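Asks: Could you put together the complete structure from these sequences and hints?
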Amino acid sequence: MASKIPIKTLKSMNPFSIRQITCQIRHFSAIATASQSESDISLSFNFSSDKNEDKIFFKAPKSNSNVEKSSSSSVTMPTSFMTGSIVGKRFYKQVSTREADDGNRWTVMLDYRTLKTPSKRPLKLPTPSLAKAIAAEWEYQLMDGIRPFTMPLMKLACTALERVPLTRPKIIENLMRKFHQDLVFCRAPGDNDLTKSVLERQVEKIDPLLDWVKSEFGFKPAVYSSFFVGKQEEGLVNAIEGLLKQANDCELAAIDAIAAAGHSLVDKWGLVEGGHDVDIADLKVQISSAAVFLGLCRRS
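Residue numbers for the sequence shown follow the UniProt record's numbering, beginning at 1 and rising by one.
Some hints could be false.
Mimicking EDC-like on lysine to aspartate or glutamate, the simulated pairs with C-alpha atoms at most 20 Å apart in a straight line are [unchecked claim]:
#	residue 1	residue 2
1	Lys220	Glu233
2	Lys231	Asp182
3	Lys245	Glu233
4	Lys120	Asp101
5	Lys178	Glu241
6	Lys170	Glu241
7	Lys89	Asp144
8	Lys231	Asp207
9	Lys245	Glu216
10	Lys231	Asp211
11	Lys245	Glu234
12	Lys214	Asp193
13	Lys220	Glu234
14	Lys220	Glu204
15	Lys231	Glu173
16	Lys170	Asp101
17	Lys178	Asp101
Ranges of calculated distance between the beta carbons of each label pair, as one might list FRET restraints [claimed, not checked]:
#	residue 1	residue 2	range
18	Arg98	Gly230	51 to 61 Å
19	Val237	Arg201	25 to 35 Å
20	Ser226	Asn174	27 to 37 Å
21	Arg98	Gly235	42 to 52 Å
22	Arg201	Arg90	40 to 50 Å
23	Val278	Arg201	23 to 33 Å
24	Arg121	Phe149	15 to 25 Å
25	Arg90	Glu216	40 to 50 Å
26	Arg90	Leu199	47 to 57 Å
27	Lys120	Arg90	42 to 52 Å
28	Ser119	Glu216	33 to 43 Å
Hints listed in this document are in silico derivations from the structure and should not be mistaken for laboratory results. Fair warning: this is a prediction, and the values are worked out from it, not measured in the lab. Beta carbons: idealized from backbone N, C-alpha and C, even for Gly.
Replies: Given below as structure tokens:
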């Protein structure tokens with residue numbers, strides 16, 4: 001139920017980008033799962049909280065007969081990983097997935113190291129499908145550098161595990177603000193030749209979305225001719241807010257990512273006429289990766 005809003009958002013979008021990402025995930029997941037876990041050693045990979053460092057640091061392992069002395073038990077990454085900078089050369093050979101040590105959820109392994117979140121918590125994922133997809137992102141990294149901007153699922157997973165649990169009320173508050181100000185509820189005036197054609201286009205393209213909202217929540221949104229929109233019926237507001245509160249952390253992270261990219265909680269939005277092709281491609285990647293993330297969180 002919590003996925004209805006982002007799923008509807010993507011219905012009018014060219015499916016090529018989603019299909020392309022899905023195909024890449026399948027391809028690299030096959031590579032990731034081909035390698036077996038080296039052992040059950042619970043070692044670590046994590047991100048540093050030191051904002052002044054851009055280097056990758058390796059910590060020597062404790063004495064262990066199962067691990068070569070030249071190996072390292074942990075890898076510390078700078079926080080620039082989450083901001084898009086290249087953070088260093090690829091330091092691992094194999095990527096694999098396995099069940100978490102406690103048997104609850106799934107983890108990703110770089111050689112024998114277990115991935116951890118920026119706050120050094122185990123990256124425990126809800127489904128093996130999502131774990132394999134994130135493993136594919138790590139497998140895809142080139143030898144000359146790790147490029148976080150090519151790993152949207154990893155970033156979403158960290159967001160779902162770390163940011164969402166701590167800021168759920170604020171995230172929902174921001175999403176509801178977007179809902180109240182959503183431009184799909186704004187209509188061009190139909191009383192002059194300059195805006196009449198715009199209004200006709202809005203009725204053609206947006207009315208089906210409003211009908212969908214009514215079929216899902218029992219209330220049809222009110223439309224206004226002001227850019228500041230207006231106030232929606234209390235029953236609809238409560239239904240949308242209730243839906244967001246029921247969403248789990250992964251669902252809420254995906255909904256928030258799609259709403260941020262599209263500047264809308266109801267529909268794909270934010271495309272500026274004449275915008276740069278790179279910006280358009282980036283928008284499609286952000287929305288598509290969040291949609292894929294949402295699907296993989298629900299798929300075993």
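Asks: Go through the numbered hints given earlier and state which of them the structure violates, listing their numbers in rising order.
Replies: 12, 16, 17, 20 and 27
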